[in-house]
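One line per chain: the protein sequences are W and V, in this order.
Just so we're aligned: the first sequence equals residues 1 to 519 in the working numbering.
Just so we're aligned: the second sequence equals residues 520 to 1038 in the working numbering.
Hints were generated in silico from the structure; no laboratory data involved.
Do not rely on the hints blindly, as some may be mistaken.
[Stated by the list, open to error] Calculated pairs, DSSO-like style, for lysine-lysine (alpha carbon to alpha carbon, straight line, at most 27 Å):
1. Lys-31/W x Lys-685/V
2. Lys-166/W x Lys-685/V
3. Lys-548/V x Lys-685/V
4. Lys-238/W x Lys-99/W
5. Lys-550/V x Lys-166/W
6. Lys-930/V x Lys-544/V
7. Lys-137/W x Lys-99/W
No experiment lies behind these values; they were computed from the predicted model shown.
There are 2 protein chains.
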Amino acid sequence: MTYLTNAAGRSVINEINGEPSILFKGVGKFKPEGNKHGPSIASCSDYPSDGNKLVNDLREALERADLRDGMTISTHHHFRNGDFLANLVFDIAHEMGVKGLRWFPSASFPCHAHLIQYLEDGTIQRIEGSMNGPLGKFVSEGGMMGTGVLRSHGGRYQAIQDGEVKIDIAVIGAPAADTFGNANGLSGDSACGLLGFALADSQYAEKVIVATDNLVEFPCFPWQIQGNLVDYVVEVEKLGDPSLIISGTTQITRSPDRLLLAELTARFCETAGIIRDGFSFQSGAGGTSLAVGEYFKNIMREKGIKARFARGGSNKYLVSILEEGLVDYILDGQTFDLEGVRSMAENPGHVWTSPFTSYNYHGKGNFAGMVDVVILGATEVDLQFNANVVTHSDGYLLHGIGGWQNCLFSKTVILPIPLFRDRVPVVRDRVTTLCGPGELIDVIVTERGIAINPLRTDLIELTKSSYLPIKTIEELKSEADRICGIPDPPDLEERVVAAIKWVDGTVIDVVHQVSARHR
Amino acid sequence: MTYLTNAAGRSVINEINGEPSILFKGVGKFKPEGNKHGPSIASCSDYPSDGNKLVNDLREALERADLRDGMTISTHHHFRNGDFLANLVFDIAHEMGVKGLRWFPSASFPCHAHLIQYLEDGTIQRIEGSMNGPLGKFVSEGGMMGTGVLRSHGGRYQAIQDGEVKIDIAVIGAPAADTFGNANGLSGDSACGLLGFALADSQYAEKVIVATDNLVEFPCFPWQIQGNLVDYVVEVEKLGDPSLIISGTTQITRSPDRLLLAELTARFCETAGIIRDGFSFQSGAGGTSLAVGEYFKNIMREKGIKARFARGGSNKYLVSILEEGLVDYILDGQTFDLEGVRSMAENPGHVWTSPFTSYNYHGKGNFAGMVDVVILGATEVDLQFNANVVTHSDGYLLHGIGGWQNCLFSKTVILPIPLFRDRVPVVRDRVTTLCGPGELIDVIVTERGIAINPLRTDLIELTKSSYLPIKTIEELKSEADRICGIPDPPDLEERVVAAIKWVDGTVIDVVHQVSARHR
Chain W
1 MTYLTNAAGR SVINEINGEP SILFKGVGKF KPEGNKHGPS IASCSDYPSD
51 GNKLVNDLRE ALERADLRDG MTISTHHHFR NGDFLANLVF DIAHEMGVKG
101 LRWFPSASFP CHAHLIQYLE DGTIQRIEGS MNGPLGKFVS EGGMMGTGVL
151 RSHGGRYQAI QDGEVKIDIA VIGAPAADTF GNANGLSGDS ACGLLGFALA
201 DSQYAEKVIV ATDNLVEFPC FPWQIQGNLV DYVVEVEKLG DPSLIISGTT
251 QITRSPDRLL LAELTARFCE TAGIIRDGFS FQSGAGGTSL AVGEYFKNIM
301 REKGIKARFA RGGSNKYLVS ILEEGLVDYI LDGQTFDLEG VRSMAENPGH
351 VWTSPFTSYN YHGKGNFAGM VDVVILGATE VDLQFNANVV THSDGYLLHG
401 IGGWQNCLFS KTVILPIPLF RDRVPVVRDR VTTLCGPGEL IDVIVTERGI
451 AINPLRTDLI ELTKSSYLPI KTIEELKSEA DRICGIPDPP DLEERVVAAI
501 KWVDGTVIDV VHQVSARHR
Chain V
520 MTYLTNAAGR SVINEINGEP SILFKGVGKF KPEGNKHGPS IASCSDYPSD
570 GNKLVNDLRE ALERADLRDG MTISTHHHFR NGDFLANLVF DIAHEMGVKG
620 LRWFPSASFP CHAHLIQYLE DGTIQRIEGS MNGPLGKFVS EGGMMGTGVL
670 RSHGGRYQAI QDGEVKIDIA VIGAPAADTF GNANGLSGDS ACGLLGFALA
720 DSQYAEKVIV ATDNLVEFPC FPWQIQGNLV DYVVEVEKLG DPSLIISGTT
770 QITRSPDRLL LAELTARFCE TAGIIRDGFS FQSGAGGTSL AVGEYFKNIM
820 REKGIKARFA RGGSNKYLVS ILEEGLVDYI LDGQTFDLEG VRSMAENPGH
870 VWTSPFTSYN YHGKGNFAGM VDVVILGATE VDLQFNANVV THSDGYLLHG
920 IGGWQNCLFS KTVILPIPLF RDRVPVVRDR VTTLCGPGEL IDVIVTERGI
970 AINPLRTDLI ELTKSSYLPI KTIEELKSEA DRICGIPDPP DLEERVVAAI
1020 KWVDGTVIDV VHQVSARHR
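Please build the complete structure, drawing on both the sequences and the hints.
What follows is the structure in structure tokens.
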């Protein structure tokens, strides 16, 4: 393992978990070679002729799938912090005495802190996937044997498709499934809307297990997961805690500071001419993002226009925009509340998508680039507009990447962020961890001014005579530093605990272990 | 090239078009090895960032896709005998001076007789795909340079998936498409319902061109073909002749003989207990099959029961069964009339499927085996219940396989066929061409009696005390021979003009050139 400097000027490693890695070469610069991964050819002669793949329980399915030491086991995160299934899978692996597994979730959540015991006892060798909260902390403090690998939703699809990560066994939690393995997320106690994060797993894993707490009669339609790709179906009592899988209510922020960020963002879009008939947008399910959506809605109403499509996680606010006829389509990747689930089941214009359609950079295009404006968060940005979304300024890895990197390919990327959090400045000389190159980030909206990336001379021109508080990023940083003081750098050790992949599978940065002195 | 006898006792060749071929080993006996095909990995950096892949015309698209001598070009047959696109593709290839192409359609029709000139001048070296009518005759008489290969719909998916046929350029005619390449068959002048026959092509071809006469705004939804797999989009004036793409009206037979076959078939199913609440069936769009469906409908009404799903090509009769609530789902692979197209666009229970979901034998199961009863045709059957569906008894190759072989995996397979056609007996000592092994064919229904495969002791038992005219297959043959006389064998030459693949890619039989003496 050698430290080398990549095209973004970050010192990274050329070997991760014993495998060579490719250094980030710049946006759009790395050209993949070779062919997409093909899993083993199956034959219907090895499957029940009546299509019934039900086996007694998850342990039997894992045994039949030949769970062994060192395998790669994947799960999806549509059950978010309410997931029971991933914990159950590794409880069984532990019972079976299996060791050295690679857990490859589409993301992990605080509910998965249960798995720390298996990271400690060697059942799980490493996690490749976003780690939100306790698992991230555990990794940051050096507790995990292997090196974590964080990928965006699109990057995870890319890695699977390209054969960079070969999944031995995919365990797909399905809120509704038939005995053939057709599955969707639309009904049942664990309804989560869609199962797009498990699509690649179903297509490319060697063995696919569908676990459901709601077995329905064939055909389970729509088949978001196709039974033709499934080996075994099992019933489990409960896939998760419904109240944590899906929020009963998503709420717009009431914080005056965050409402100001949202309003400034929306006004910026209006002034720059982005909000026009037939436009498209993506904003997340965080309080500020939701508020941006509400401002967009009001502006559309005022102007008497409508959007063509909205991308992204759905919620009651986005659904109300659809049902009011202010947008033709929601192209949804993740459903955040009960209204989102209801709408996806009822409204033909509420379309479930996957990281393949929306984000995979090693496809023949994807939807991300077609979105007119995307509103994203960040933990830090720097003077080159580079941004961090996974670590805090103290070096702790506490957040996942999600679709964040993928969304940077939108026509305009806006980050509404506070200028400082808990007296720690958000605008830095250099981000602690680089997740997104500055050339793709167009606008930083803070409560004390808006900075436009100098590359976007068009946006600078369109807004220069407006009432908007346009400043340079340097001005914003000076202001933050003046108020908070110059922050200390994080206290980090040499050991790399995780690598951050770019959307094309190259290494854009690494995360170092947080020094024991600092904890 | 050597003649060898396969497990079905047919003398076949072990090399086709210079490539080694695997002999049929028996139903379920061949175990595939290796991995599914992976086409080259693409990168979004090579595609327009705004997702607009429109190029000026089809020639430009073919040139950009680097059309060259010896390539494999695929098309689909959802436009049936109204297709203009395949002819246009090869007109351009001819203009460009390209030679030695393999045309790989999902099927060809009489409208493609236009291409005989290109088979003669070497633009096209061979056709791999079903040949209905004039092209089949041309091949039978030895006109084609290479050897034809006929595959079932599922077998075509299998061959593409397994890398047995690598498609260089897929040209997909799309009744509706956006500039990103998302496409469906639901609207526009060329509406054909669905595009399932082109699914494999879109997934596995190196280059994919979507041609449309109805460009719609992004997103074209549902995306039966996903734009993420598409290289170029072109507009053409007309994809085909709407009156030949989709019938305005499908008609039930009025022939008393064929109505009798249909009624006997339905009564057999009723007597054998196949028509019960929640059952499933598939019957085609031919006049007799349609009539069987109508008898099923009446029986369901009488009994006050309903079917869970109907598989297969949809038409106004099947739609009326759905809309009357007598079946929950139509799992449709091919839409035959305007009512079918309307229903697919309107009814959530009218579901588009593909050869992947329905028929691919090299998947982890498929839908075919779940169907309780399927009604199919045949040109010949023999005393072992083997059946032929591609050649006439004079050896002429005039029909495609379609999904016929795949449907044989249904729980009960019934062939309602006349005992003789034009005084040529349909029940033979040995079929001219073997398409389906007798062990999968359960019942032969003729106007002079019903023969049950001795393997199906259950059906024999269930119907033995009924009023149905149950006979042995030998009795049926004697009766036909008594009326028509013992037929002469076909007059064939040694040269093999086409091979018939089984659902697993093995060679089940070959078709010989028809002797010049016989023409």
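Hint-by-hint comparison with the structure:
Between the alpha carbons of Lys-31/W and Lys-685/V the distance comes to roughly 23 Å, so the proposed pair stays at or under 27 Å and holds. Taking the CA atoms of Lys-166/W and Lys-685/V, the gap is about 23 Å. The hint holds against a cut of 27 Å. Of the supplied pair hints, the one linking Lys-548/V and Lys-685/V holds, its CA atoms being roughly 25 Å apart against a limit of 27 Å. Only pairs whose Cα atoms come within 27 Å are accepted, and Lys-238/W paired with Lys-99/W is accepted, the gap being roughly 26 Å.
The suggested pairing of Lys-550/V with Lys-166/W holds, with an alpha-carbon distance near 23 Å, which does not exceed 27 Å. Restraint check for Lys-930/V and Lys-544/V: satisfied, since their Cα atoms lie roughly 22 Å apart, inside the 27 Å limit. A hinted pair counts as satisfied when its Cα atoms are at most 27 Å apart, and Lys-137/W with Lys-99/W qualifies at roughly 22 Å.
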